[in-house]
Every structure is written in C-alpha cells, then in structure tokens.
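Visitor: Below are the chains, spelled out letter by letter.
Protein chains: 2
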Amino acid sequence: MNNEFISKLNDIAEQVNLYLDKNVASKDNLQKVVYEAMRYSLLAGGKRIRPVLAIEAAAVFGITAEKVMPFACAIEMIHTYSLIHDDLPAMDNDDFRRGRPSCHKQFDEATAILAGDALLTMAFEIASKGAIEADNVRGGIEAVKHIAYCAGTEGMIGGQIVDLDAETRKISEKELIYLCERKTGALLRVPVMVAAAVAGKENTSEADCLLEYADTVGLAFQIKDDILDVEGDINVLGKPIGSDKQEGKTTFVTLHGIEGSKKILRELTEKAFKACDRMRNFCKTEKQKEACEFLRELAVFLLERNY
Amino acid sequence: MNNEFISKLNDIAEQVNLYLDKNVASKDNLQKVVYEAMRYSLLAGGKRIRPVLAIEAAAVFGITAEKVMPFACAIEMIHTYSLIHDDLPAMDNDDFRRGRPSCHKQFDEATAILAGDALLTMAFEIASKGAIEADNVRGGIEAVKHIAYCAGTEGMIGGQIVDLDAETRKISEKELIYLCERKTGALLRVPVMVAAAVAGKENTSEADCLLEYADTVGLAFQIKDDILDVEGDINVLGKPIGSDKQEGKTTFVTLHGIEGSKKILRELTEKAFKACDRMRNFCKTEKQKEACEFLRELAVFLLERNY
Numbered sequence: 001m002n003n004e005f006i007s008k009l010n011d012i013a014e015q016v017n018l019y020l021d022k023n024v025a026s027k028d029n030l031q032k033v034v035y036e037a038m039r040y041s042l043l044a045g046g047k048r049i050r051p052v053l054a055i056e057a058a059a060v061f062g063i064t065a066e067k068v069m070p071f072a073c074a075i076e077m078i079h080t081y082s083l084i085h086d087d088l089p090a091m092d093n094d095d096f097r098r099g100r101p102s103c104h105k106q107f108d109e110a111t112a113i114l115a116g117d118a119l120l121t122m123a124f125e126i127a128s129k130g131a132i133e134a135d136n137v138r139g140g141i142e143a144v145k146h147i148a149y150c151a152g153t154e155g156m157i158g159g160q161i162v163d164l165d166a167e168t169r170k171i172s173e174k175e176l177i178y179l180c181e182r183k184t185g186a187l188l189r190v191p192v193m194v195a196a197a198v199a200g201k202e203n204t205s206e207a208d209c210l211l212e213y214a215d216t217v218g219l220a221f222q223i224k225d226d227i228l229d230v231e232g233d234i235n236v237l238g239k240p241i242g243s244d245k246q247e248g249k250t251t252f253v254t255l256h257g258i259e260g261s262k263k264i265l266r267e268l269t270e271k272a273f274k275a276c277d278r279m280r281n282f283c284k285t286e287k288q289k290e291a292c293e294f295l296r297e298l299a300v301f302l303l304e305r306n307y
Numbered sequence: 001m002n003n004e005f006i007s008k009l010n011d012i013a014e015q016v017n018l019y020l021d022k023n024v025a026s027k028d029n030l031q032k033v034v035y036e037a038m039r040y041s042l043l044a045g046g047k048r049i050r051p052v053l054a055i056e057a058a059a060v061f062g063i064t065a066e067k068v069m070p071f072a073c074a075i076e077m078i079h080t081y082s083l084i085h086d087d088l089p090a091m092d093n094d095d096f097r098r099g100r101p102s103c104h105k106q107f108d109e110a111t112a113i114l115a116g117d118a119l120l121t122m123a124f125e126i127a128s129k130g131a132i133e134a135d136n137v138r139g140g141i142e143a144v145k146h147i148a149y150c151a152g153t154e155g156m157i158g159g160q161i162v163d164l165d166a167e168t169r170k171i172s173e174k175e176l177i178y179l180c181e182r183k184t185g186a187l188l189r190v191p192v193m194v195a196a197a198v199a200g201k202e203n204t205s206e207a208d209c210l211l212e213y214a215d216t217v218g219l220a221f222q223i224k225d226d227i228l229d230v231e232g233d234i235n236v237l238g239k240p241i242g243s244d245k246q247e248g249k250t251t252f253v254t255l256h257g258i259e260g261s262k263k264i265l266r267e268l269t270e271k272a273f274k275a276c277d278r279m280r281n282f283c284k285t286e287k288q289k290e291a292c293e294f295l296r297e298l299a300v301f302l303l304e305r306n307y
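Protein chains in written order, with the numbering used here: chain W, 1 to 307; chain L, 1 to 307.
By construction, these hints were calculated from the structure, which means they are not laboratory data.
Some hints here could point you the wrong way.
Copies of the same chain are indistinguishable here, so a pair counts whether it falls within one copy or spans any two.
[Unchecked claim] Each computed EDC-like pair below joins lysine to aspartate or glutamate, with the alpha-carbon atoms no more than 20 Å apart:
| # | residue 1 | residue 2 |
| --- | --- | --- |
| 1 | K274 | D92 |
| 2 | K32 | E167 |
| 3 | K27 | E154 |
| 4 | K263 | D28 |
| 5 | K105 | D92 |
| 6 | K32 | E181 |
| 7 | K22 | E247 |
| 8 | K27 | D94 |
| 9 | K289 | D233 |
| 10 | K284 | E202 |
| 11 | K274 | E297 |
| 12 | K289 | D244 |
| 13 | K129 | E154 |
| 14 | K32 | D165 |
| 15 | K249 | E304 |
| 16 | K284 | E175 |
| 17 | K271 | E304 |
| 18 | K32 | E109 |
| 19 | K27 | D135 |
All values derive from a computational prediction rather than experimental measurement.
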C-alpha cells in the first residue's frame with residue numbers, strides 16, 4: 001500500500017480515538033463499571049473505517065473533519081455496541097473480539113448488555129449535541145435521523161434479524177445481498193449521508209456518486225469478510241477462522257467459491273474506482289481532489305486487508 | 001378516584017397508543033419478526049405515565065399534546081426497551097411481564113435483545129423527526145439530547161448498573177435514593193424536560209416547579225413499587241410478589257418497614273401537591289389550570305394504584 005495513504009488513515013483514526021476518549025470519558029461514580037466496559041470495547045483499536053468515510057466524504061463536500069466528528073463518532077459507537085451485543089451468548093456467542101476477551105467475558109453478560117445499550121444511547125447524545133452546536137442545525141438533526149434510520153430495523157438491526165434467520169436455512173443470493181446491504185452496508189452508507197446533510201449537499205450529484213461508492217465498498221467489505229473467514233490468519237484477524245462454515249451459513253464463498261468471490265470483489269473495486277472518477281469531476285479545490293484520491297486508495301486498502 | 005380524571009387519563013393513553021401503533025408499524029419484509037417483537041412489548045398495555053406527564057406538562061406550559069407527542073412516545077419506547085432487556089435471563093430473568101410471557105419467552109433471547117435495541121434506536125428516529133418538524137427546531141433537538149442523557153449512563157442505565165451492584169450487597173439509603181433517581185426517576189423527569197424544551201420554557205420558574213413535581217412523584221413511584229412487591233396482588237400486578245425479598249435486595253421497605261414507607265409516600269405526595277399549588281400561580285388560561293389539577297390527581301393516582 002501507498003505509505004502516504006496509510007499515514008493519513010492512521011492520522012484520522014488517531015483524531016477519532018482522541019475524540020472518543022474525551023467524549024466517552026470514565027467517571028468515578030457508583031456506575032463506573034459501565035464506563036469501563038464501554039471504553040474497553042470502544043477503545044480496543046478497530047480500523048475506524050466508518051468515521052474515516054464520514055470525514056473524507058465531508059472533505060469531498062468541502063467541509064472540515066471537525067464539523068462531522070460528532071456524527072462520525074456516533075456511528076462508530078453504534079458499530080461498537082452492535083459488536084458487543086452480537087458477541088453475546090444468545091447471539092453469536094463469541095468469546096473473543098480483536099484478539100481480546102469479548103465484553104461479556106471481560107465483564108459479565110448483564111454489564112455487556114447495558115454497556116451496549118449505553119453506547120447506543122450516548123451515540124445519540126453526542127450526535128444531538130453536535131446538531132445543536134452545528135452552523136447548520138437542520139442539517140445536523142437530519143444527520144441524527146439518518147443515523148437512527150440506518151442503525152435500525154430497516155438498516156443494521158434489520159440485517160441482524162435476517163442474519164439470525166439465515167443461520168437456520170439456506171438463503172438465496174438476493175436474500176444474502178438484502179442482508180449485507182443492511183447488516184454491514186447501512187453503517188457504511190450513513191457516514192456519507194451525515195456528511196451530505198451537514199454540508200447541505202443532500203440530493204446532489206456529488207452525494208449520489210459518494211453514496212454509490214459507499215454502497216459498493218460496503219458490499220465488497222462483506223465479501224472480503226467472507227473470504228477472510230476461510231483464508232484469514234487467526235493471529236492477524238483476532239477471531240476464529242471457519243466459523244461461517246461451521247455454522248452452515250450461506251456466504252458469498254458458499255455461493256460463488258473463493259475464486260468467484262475474489263472476482264466479484266475485484267469488479268466491485270473497479271465500480272468504486274469509477275464512482276471516484278465521477279466524483280473527481282465535481283471537485284474544485286486541491287483538498288477535495290485529495291479526499292477523492294484517498295477514497296480511491298481506501299477501496300484498495302479494504303480489498304487488500306488481511307484483518 | 002375521580003372519574004373525570006380516570007377518563008382523561010384513559011383518553012391520553014389512547015392517543016399515545018394510536019401514535020405508537022401508527023409509528024411503530026408492522027412491515028411485511030424479511031425482518032418482520034423484529035416489528036412483531038417490538039409491538040408485542042410496546043402495545044401490551046402499560047399506564048403510559050411518561051407520555052402522560054409530557055403531555056400534561058406541555059399543557060401547563062401552554063402548548064398542545066401534538067407538539068410533544070414524538071418525544072413523549074420516544075420516552076415510552078425507551079421505557080419499553082428497558083423492560084425487555086431487564087427481563088432477560090442475564091438481567092432480572094423474569095418470564096412474565098404485564099401478565100404475559102416476557103419478550104424473550106414469547107420470541108427468543110436474540111430477538112428480544114434486538115427488539116430492545118430497535119425500540120431504543122427507533123425512539124431517536126421518531127424524536128429527531130419530531131425535532132425536524134417542530135416549529136421550534138432548536139427546542140426539539142434539545143429534547144432529543146435530554147432524552148439521550150436521561151436514558152443513559154448518568155440516567156436510567158446508570159441506575160440499572162447500580163441496581164445490579166445492589167443485588168450483591170446491602171446499600172445505604174443514600175445509595176438507594178441515588179439508584180432510584182436514575183433507574184426510575186430519570187425517565188419520569190425527562191417528560192417535563194422535553195415539554196419545557198419544546199415550549200421554549202427551559203430554566204423558568206414554572207419549569208422548576210414541574211421538575212420538582214416530577215422528581216417527587218418519581219421517588220414516590222419507586223417506593224410504591226417496593227410496597228406493592230410486598231403487599232400487591234399477583235393477578236392485578238401481572239408479575240410475581242416478593243421477588244425483592246427473595247433476592248435480598250435493599251428497598252425502602254427493608255430500610256423503613258411497610259408503615260414507615262407508607263408514611264414517606266404520603267409525605268412525598270404532600271410535597272408534590274405543594275409543587276402543583278406553586279405551578280398553579282403561573283397558570284393563566286383555564287386549560288393550564290386544568291392540567292395543573294390533572295397532575296395533582298395523577299400524584300394521588302400513583303399513590304393509590306395497586307398495579
């Protein structure tokens with residue numbers, strides 16, 4: 001990978017980590033364990049892809065990272081809560097996450113349920129504060145609404161429900177795509193939606209290009225996950241390999257094989273590149289063009305990642 | 001009880017039920033089970049005390065029920081999600097709620113976890129839409145922020161965490177009050193906060209009176225629950241009696257006995273009456289005065305309830 005890209009990716013992740021560390025601070029009160037559990041899972045690393053997408057989409061729209069940061073971090077908090085609840089015994093029953101005990105193993109189930117609930121709730125506290133302090137209050141509150149929609153029954157939670165159902169029967173490719181668009185796609189699309197809302201660029205041609213980019217990368221992201229579940233290295237991935245097969249799940253690999261899935265992945269990356277090229281036509285400043293270039297490299301990074 | 005009061009209480013509850021039924025509608029898609037589970041718990045009856053408080057507080061501030069309805073119903077949805085998660089095996093492990101199987105018994109644990117998450121998420125979708133459509137957008141978004149704060153780690157979830165800890169050791173009266181102010185108090189206080197925000201009456205003397213009323217009624221509510229856990233009728237209450245004692249929990253009854261707790265309850269109701277009397281001095285129209293009278297009767301209703 002391009003070193004300049006990696007260095008910028010790390011810089012943005014660092015900004016995000018600082019914001020999260022400051023805004024999801026520990027408190028020394030009777031309920032301090034909930035803050036510890038939230039921070040345990042939230043500050044455990046992670047690629048911060050969703051906030052990075054929001055920040056770079058904002059740059060394409062010509063606004064600063066600062067203006068989308070509360071919304072970007074709210075999305076990351078929601079992503080984290082979903083992992084905590086997903087790992088619970090009643091759900092995927094995963095004891096490890098990012099190479100460490102999952103939240104309910106490190107604490108206990110009740111604390112993990114409440115820490116997840118608390119991250120989801122605080123995401124909306126941070127996002128609504130962000131809206132109040134925004135130059136564009138209406139755009140800010142639209143961003144809050146988009147986050148709730150994409151995290152909810154027609155977005156991420158809807159996808160999780162379909163995923164539970166998919167564990168009990170073979171599903172069609174159409175159903176698998178429906179599942180992915182919601183379970184992982186919605187939270188990769190919403191960073192662009194919040195950036196467009198805050199920038200006052202909703203329903204523009206630029207926004208359409210960025211949404212197509214995000215949807216394409218979102219689907220590619222899931223296919224890559226399916227491939228890594230077969231080919232990945234447990235030490236790099238930080239979670240067990242082969243769990244999909246063990247559970248008899250329908251994935252892109254079971255439908256298209258490894259090589260077929262890799263081919264689809266390359267095609268989707270090409271499609272993401274084309275969306276980037278169209279986006280570039282709308283860019284006027286150097287900063288906007290750089291953000292476009294960064295998003296192009298991000299698609300490659302996600303294609304080539306091994307964790 | 002005063003029949004006119006009961007009839008008005010039922011009318012408001014009916015308005016709330018209609019709003020919830022319409023806005024948390026079933027959808028016939030692949031994830032329809034999550035809508036069924038949400039509606040199973042949300043539309044299972046319940047006194048709708050929190051929305052009633054928001055609507056009557058709004059009337060005292062001189063604004064219509066319609067203007068606070070999205071926020072009032074968001075609070076009720078959050079109350080419902082907290083009951084679903086509270087009933088889970090890893091939490092209170094209650095198989096019954098309102099005389100029916102609890103959500104995880106009727107469906108399964110994974111669906112109950114996700115239905116709870118979905119109600120919490122959709123609460124913020126409905127509230128943020130409410131803010132966008134409000135005459136007073138800034139007041140609306142302040143209301144969203146208050147809901148997130150009061151439902152979160154310094155509010156309801158904080159109280160639940162302290163409650164888990166309280167099951168493992170004897171706690172002091174000071175700690176018990178800290179717990180109650182958060183676990184049940186925060187969601188009874190926030191209806192007044194959202195009404196004040198939407199009405200543009202935050203930090204006024206009227207708002208102070210109403211907040212004192214809500215805090216007093218909130219504490220009384222918990223003490224009444226503790227008494228009902230000893231003296232209640234399982235058939236009326238719809239849940240088992242004596243569970244606090246069985247779990248060795250510190251309650252107002254274990255600290256002050258039944259008679260002592262009833263005395264505190266009467267004193268708190270007197271305090272709520274006085275807050276109503278002060279509130280009445282700010283009321284100009286008949287409608288405002290009626291709302292004041294209604295809140296006074298509500299305090300009596302909550303004192304005398306047997307479920």
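Visitor: Next step is simple, just say for each hint if it's right about the structure.
Guide: Hints versus structure:
Taking the shortest alpha-carbon separations for K274 and D92, neither the intra-copy value of 36 Å nor the inter-copy value of 53 Å comes in at or below 20 Å. With identical chains, the CA atoms of K32 and E167 are at most 20 Å apart between copies only, with a shortest distance of 16 Å across copies and 37 Å within one. Taking the shortest Cα distances, K27 and E154 sit within 20 Å of each other only across copies (10 Å), while inside one copy they are farther apart (34 Å). When the C-alpha separation of K263 and D28 is checked against a cutoff of 20 Å, the pair qualifies neither within a copy, at 52 Å, nor between copies, at 34 Å.
In this homomeric assembly, K105 and D92 come within 20 Å of each other (Cα to Cα) both inside a single copy, at 13 Å, and across copies, at 19 Å. Proximity of K32 to E181 under the C-alpha cut-off of 20 Å is restricted to the inter-copy arrangement: shortest distance 16 Å between copies versus 36 Å within a copy. Taking identical chains as interchangeable, the C-alpha atoms of K22 and E247 are never at most 20 Å apart, the minima being 39 Å within one chain and 38 Å between chains. In the homo-oligomer, the alpha carbons of K27 and D94 never lie at most 20 Å apart, since the shortest distance is 28 Å inside one protomer and 31 Å across protomers.
Taking the shortest Cα distances, K289 and D233 never come within 20 Å of each other, neither inside one copy (36 Å) nor across copies (70 Å). Within a single copy, K284 and E202 get their C-alpha atoms as close as 18 Å, which meets the 20 Å cut-off; across copies the closest is 44 Å, which misses it. Taking the shortest Cα distances, K274 and E297 sit within 20 Å of each other inside one copy (13 Å), while across copies they are farther apart (66 Å). Within a single copy, K289 and D244 get their C-alpha atoms no closer than 40 Å, and across copies no closer than 63 Å, so neither meets the 20 Å cut-off.
Taking the shortest Cα distances, K129 and E154 sit within 20 Å of each other only across copies (16 Å), while inside one copy they are farther apart (25 Å). Taking the shortest alpha-carbon separations for K32 and D165, only the inter-copy value of 11 Å comes in at or below 20 Å, while the best intra-copy value is 36 Å. In the homo-oligomer, the alpha carbons of K249 and E304 never lie at most 20 Å apart, since the shortest distance is 24 Å inside one protomer and 54 Å across protomers. Neither within a single protomer nor between protomers do K284 and E175 lie at most 20 Å apart by alpha-carbon distance, with minima of 40 Å and 59 Å respectively.
Taking identical chains as interchangeable, the C-alpha atoms of K271 and E304 lie at most 20 Å apart only when both belong to the same chain, with a minimum of 16 Å there against 66 Å between chains. For the identical chains of this complex, K32 and E109 are intra-copy neighbours only, at 16 Å inside a copy versus 27 Å across copies, given an alpha-carbon limit of 20 Å. In this homomeric assembly, K27 and D135 never come within 20 Å of each other (Cα to Cα): the closest approach is 30 Å inside a single copy and 37 Å across copies.
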